[in-house]
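Colleague: Residue numbering for the sequence shown follows this note's numbering, starting at 801 and increasing by one per position.
Hints listed in this document are in silico derivations from the structure and should not be mistaken for laboratory results. Incorrect hints may have been included.
[Claimed, not checked] Keeping only pairs whose Cα atoms sit at most 30 Å apart, straight-line, the calculated DSSO-like set for lysine-lysine is: (1) 1055 <-> 914; (2) 1055 <-> 948; (3) 948 <-> 1105.
[As the list claims (entries may be wrong)] Taking CB as the label site, the calculated pair distances span: (4) 997 <-> 951: 34 to 42 Å; (5) 905 <-> 1104: 23 to 31 Å; (6) 1111 <-> 948: 28 to 36 Å.
Bear in mind that the values here come from a model prediction, so they are computed numbers and not experimental data. Note that beta-carbon positions come from the ideal geometry of N, C-alpha and C, so glycine has one too.
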Amino acid sequence: SLMANSLHENSMYDNNIKVSASIETAMEKTSIQNGNGFSDFVSSGTSLNQEAGMFTLRNSSSSALEELKTSSVQSPGSPNDQNCIPTSITDPQMYKPSKSKIEKIKNWSLSTYKCTKQMISETLGKSSKTVDTELETHIELLRDNQKKYLNILRLARALSSHFYHVIQTQSLLGDSFSELAQKAPELQEEFSYNAETHRCLTKNGETLLSALHFFVSSLNTLCNQTMEDTLLTIKDYESARLEFDAYRNDLEAQKLQLKSDVNSNKLEEAQKNYDVSKTHYDKLRNDVNIKLKFLDENRVKVMHKQLLLFHNAVSAYFSGNQQALDSTMKQFSIKPRTPNSGTPSWLEQ
């Protein structure tokens, strides 16, 4: 029985050697076709299977042979490999930019070059400039008014800030007088008078402070929103004027050249650009005229109301006329607020 078992083990060992030899042969063929990377993988799998057992080696060798057969059928240039490549990469149209973008970049570059050349020529006095005298006068007046109104706004903000601290100081001083009136019986009457006076001044000061805040807010809207919107339109108008002059001078230069087929095409293109720029320039000039007109009317209306409020509130406060101050606040629909009042809490809401 021992001899039979040894013979059986020797036969199984011989079979394993034959299977390993067949795997190595197939491995060599596959390495020629698909490279040497796969042979390392199969050899590592073979060594692992030898350690695991002979029966596992048979199963892994059979599956490895099937994988080798299937891999040898597919060549590197098979359709399956081509399907792995995205069509967007192989598509040559992907790398071709659209003609519309190229034309836009080209037109923008030419327009920028001509406008820059026109601006430099105007600065050096070598080129003519389209000037609307009446419109330019109104534009300069608007810019000058904005500077002056911004100065008034800065001073009004400073007055409001300083007056806020005055009111807080008066309020604290009134509280101190009231406390001393209770603790100093010999000066109770005098402290009480001063405490009541500062309470009244604090109350009227809060009313005046609300009027100052309303004045500052309205003036800020006029300077930094209404006037600024008109000035942005003026900037667009000035850019359109520069572009119009650039194409106008280009058209005049093309007309002075000798006539030929090439020059005729350039002249036609220059005429087309001139017409487009002139239409854009005329439209913006009309918009600026309209905005300047409405801005002037709005400025007079707003400042008439705000100056009347400022005068009545300040004069009523410093003259001690509380009734006139309250009537002024009602006239302009302003609700007084205390210096310490902020956003109401959720409980107050």
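Colleague: List in ascending order the numbers of the hints, as given earlier, that are violated by the structure.
Modeller: 2, 5 and 6
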